[in-house]
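Visitor: For chain A, the structure is supplied; the task is to place chain B on it using the hints.
Sequence lines, in order, name chains A and B.
Going by our numbering, the first sequence opens with residue 1, and the numbers climb by one from there.
Going by our numbering, the second sequence opens with residue 1, and the numbers climb by one from there.
Some hints here could point you the wrong way.
[Said to hold, decoys possible] In silico lysine to any residue, SDA-like type, Cα no more than 20 Å apart, as pairs:
| hint | chain 1 | residue 1 | chain 2 | residue 2 |
| --- | --- | --- | --- | --- |
| 1 | A | Lys-80 | B | Trp-11 |
| 2 | B | Lys-6 | A | Gln-114 |
| 3 | A | Lys-84 | B | Ile-356 |
| 4 | B | Lys-421 | B | Gln-370 |
| 5 | B | Lys-6 | A | Leu-81 |
| 6 | A | Lys-84 | B | Trp-11 |
| 7 | B | Lys-608 | B | Lys-767 |
| 8 | B | Lys-198 | B | Asp-92 |
| 9 | B | Lys-353 | A | Glu-77 |
| 10 | B | Lys-353 | B | Ile-10 |
| 11 | A | Lys-84 | B | Ile-10 |
| 12 | B | Lys-4 | A | Arg-31 |
| 13 | A | Lys-80 | B | Pro-355 |
| 14 | A | Lys-84 | B | Arg-260 |
| 15 | B | Lys-4 | A | Glu-77 |
| 16 | B | Lys-4 | A | Phe-76 |
| 17 | B | Lys-4 | A | Leu-81 |
| 18 | A | Lys-80 | B | Thr-2 |
| 19 | A | Lys-187 | A | Arg-31 |
| 20 | B | Lys-353 | A | Phe-76 |
| 21 | A | Lys-80 | B | Arg-260 |
| 22 | A | Lys-84 | B | Thr-2 |
| 23 | A | Lys-80 | B | Ile-10 |
| 24 | B | Lys-353 | B | Ala-377 |
| 25 | A | Lys-80 | B | Ile-356 |
| 26 | B | Lys-767 | B | Pro-734 |
| 27 | A | Lys-84 | B | Met-1 |
| 28 | B | Lys-755 | B | Leu-545 |
| 29 | B | Lys-6 | A | Leu-73 |
| 30 | B | Lys-767 | B | Ile-782 |
| 31 | A | Lys-84 | B | Lys-6 |
| 32 | B | Lys-353 | A | Arg-31 |
| 33 | B | Lys-6 | A | Glu-77 |
No lab work stands behind these hints: they were computed from the structure.
Given next are the chains, with one letter for each unit.
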Amino acid sequence: MALILKNVTKRFDGQTADTAVLRGISLQLERGSSLALTGESGSGKSTLLHLAAALDRCDDGEISLDGRRYDNLTDFELSKLRRKFISVVFQQFNLIPSLTVQANIELHARIGDQFDIDWCGALTDRLGLSTLQNRYPEQLSGGQQQRVAIARALAIKPALLLADEPTGNLDESISLEVIDLMQELVKEHSTALFLVTHSTQIANRLDRQIHLKQGLISK
Amino acid sequence: MTLKEKHRLIWQSFRTIISYWYRSPIQFFTVIFGLALATALWSAVQAINSEARASYDRASAQLSLNDHSTITHVTRALQLADYVVLRRKGWDVSPVAQFNLPQTANISVILIDILSHPSRRTEMIPSGQPSTTEPLVWANYITRNRLEALDLDIKTSLDTALPDNVIITDFSQAASLGLSTTPLDHLLLAQEQLPNLKSIDTLIPGLKINRPALSTDTGTLTESFHLNLTAFGFLSFVVGLFIVHSMINLALEQRRGLFRTLRCLGVPIWVLITALGCEMLLFALIAGGSGIGIGYVLASLLMPGVSGTLQGLYGADIAGVLQLRSDWVLSGLAIAVFGSLLAGARGLYLVAKLPILQSPALFARSQHIQRIRNRGAIIGGVLLFLGTVVLLTTNTLIGGFIFLGALMLGTALALPLILSKVISALTDRAQPGISAWIWSDLRAQLHMLSLPLMALLLAVATNIGVETMTSSFRLTLISWLEQRFTADLYVRLEGKSAPNHIQSWLTDQGTTALPLMTSETVINGHLVSVYGLMDHPFYEENWPLIAKQTEAWPTFHLGQGIMINEQMAYGLDLWPGDQLVTGHFSQPILGVYPDYGNTQFQMVMAQKQLLLSDKPTHIPSFTILLNKIEKPDIINGLTENFGIHQTQFLDQNSLRTRSLAIFDQTFLITNALNVLTLSVAAFALLTSFLSMWSQRLPQIAPIWAMGIPSQQLARYEIIRSLALGALVAILAIPLGLVLAWTLLNVINVQAFGWKLPFHATPVSWVKVTCLSILAALLAALIPAGRLRSLAPSTLLKVFNNER
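Extracted from the complex, chain A is given alone in its bound form:
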């Protein structure tokens, strides 16, 4: 099992156990499978994604990836986990504006010491970015930036790929195309895909889906 969450609770300042943003969430996700997380705004979707991405720590419960429990890890070790095994595609892309498309795609792989020139080249081709390699993010459309973010995330062949509304800036046909491509790459490399979305159509294309409501899984 790649990702396991057991009774995960997260509170922000001033929140009690009853009003916590996440209240005892448990779920599992295998490598090579995909899970869609849906829910209304403020239901805790992004918080859950951040916890799974080792970007934040939970207050109670435990989270582990391939047997490594997050709560036992130091900040340095969590950084290593993100560097080597976890990729996140953010809603706002979070590309580095001062780096070219190619440098952005290679960045995570180089930082994680997993740079594979052939794999990065292949990703660039499959995501249709070959002609844009020397451009800067500000010279790209929203959809193109999104594809660069996805390529960067997949460049390390992560154990866990998390995506926060990855198609929020794309039109419907391109959105479905991008999701299918992510699914395809995830299957190829036995990556676990955890995707947050508002779109039922996208959620339906993934292996499983769960709905979050007021900090609890409702289905």
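Guide: Just chain B now, with coordinates in the frame of chain A:
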């Protein structure tokens, strides 16, 4: 993680971080230029100080004359026989003769006896025997080159401590240089002497011992001048640091997203901080190197002025040429590294504490800014209080500078709060609509502009303070010159002039000749010049006093008291009514007179009183009241009868012109640094405006969309900047006046020994205020120009990116 992996991770992070600058060349230039400018001003001052000190050391090292007493004869030149007599009677003395090298214009040869010379014998021939391999002729590089250029076959040993155009050699070499060995110039007296020796004037009547001047060492005299320069250099550096601080923190602020992304991608915080530290170090080295280069050029340009200042003010000779010296080069690099680390320390701390996910809410941010302003004002208040306590409890130059530092920094720290309150009040009073927007927008920008505005405040206040100080000084000096030097003619006597004959001749011509009798004494370790004045009403009418006893002049001419200069009054804390007691000498102080431009202690007494003392006296000059006799007749008569050269005459006008020329030269470098500091502040403001550019668009775009054309927005941009410049200048005026007061009443007294009356100079304040507004205008021109020609698509991007 292996060491190699760590290095690779740091390198990748560093590359990513630094890539930001490829896309922000203007910001890169401003950071480098700001730090380079700060380093340049600091380095320039240090280079000047270093060069001047090296000159003093060279001068002091010349035969170590300053360290040894000398023996001369009161009426004749010394001969070798005198030396032999003293040596035979056990005196440890060494002969020194001085000649010009034949066939050269101004190369001096100093002949010494290296076996008996008090300092050279141990320093140059440790074995006590002259070296046979090295020539016994010493010169520095410049003199050596001159000898070569003159094609003179003189082999020299290198001695870099010697002054230019001076050769030192042993008496044994005199013949080979075509020189005689007599007459001797003087005999050097070793500090350690055998006990119970017969006194020298018993052995040879007429010999006298000249003690070294105790408190007139050039280095000590000019120390206060260099301290002033260093203070200015430091002020310029601090103003430069404001730019760097502003730029570095802005660059960190603008890269928050990048840092977060890197953290998300698994870069540990220590790697991020290390990479940023490397970036700062790289910047510091690039900017430091450039700054040293600029500083060298700047110092080379200012050096002749400083040389003139030191010559005019202290009679200190320093070379007008600058050398690249390791001490100030390294100090420049160190200050650049230290400065950038200091400027970036807070930013690095904030990055270290930067949460990966959170971004502060707008309200929380504005509250945070308010807290920073309040904290700054409180720290500023505490600094002002502590500075005042130091000023009131200590009475030293350092105490004065501490007060100045606390005053300037304290007010600068309080500035954001003061400006915020003023702009809030203006916003409240503004018409709803566009006026209210202009002021509220300005208030929103204030946080980003705080540092350059502080820099502008410091620069403008310094300008006002120094302008007021120099204007006050100039006015006082002119008035003093007019009062004190009212005689028709002054004659300086040289060489063999016979004062008695001259005085008789002048009296015969119908003029009044007032001889100035002079002597020297040492009081509390200070060399004091003593002048004897004739009993004549001229002095009472024209000798200004800043403090006096009643009936001061009649009592003075009766020989029942003395007058001292202001420097001596402050230095020894002696004022009218006090008694000056030294050895057998005890006299009441009748008055204290101003003596601008002099750093030595001085006292005047009635001539008859001076003659009664056992001090040797001579008459170096005459003050002549022409009594309607034609000046040219007197000058020609003195020239024809007594061989007095034209250069020895001085009239009131030329004296005044010369004194003012020295004065203007003295403040040349101060004014230059003032202008540079103001330029740096204007540059700081410009860089902030430019850096804020991308952050300004979201504020401007909605107003543009509501129908305000970009040309009008550009005008608002300029109006806003002018308003800021004017506000800062208005606040800077009182600060500048306090600064001027401190300079006049504390720093000058401690550094030079004279207090000056405060002369208000509103014209200079208006001038500096206009300069401040001009600086703000220049700083706003480029951003306003950009705004004016802004394409609608750029403004529309703001709406496209809104989420």
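Visitor: If you check each hint against the structure, which ones fail?
Guide: 7, 12, 24, 30, 32
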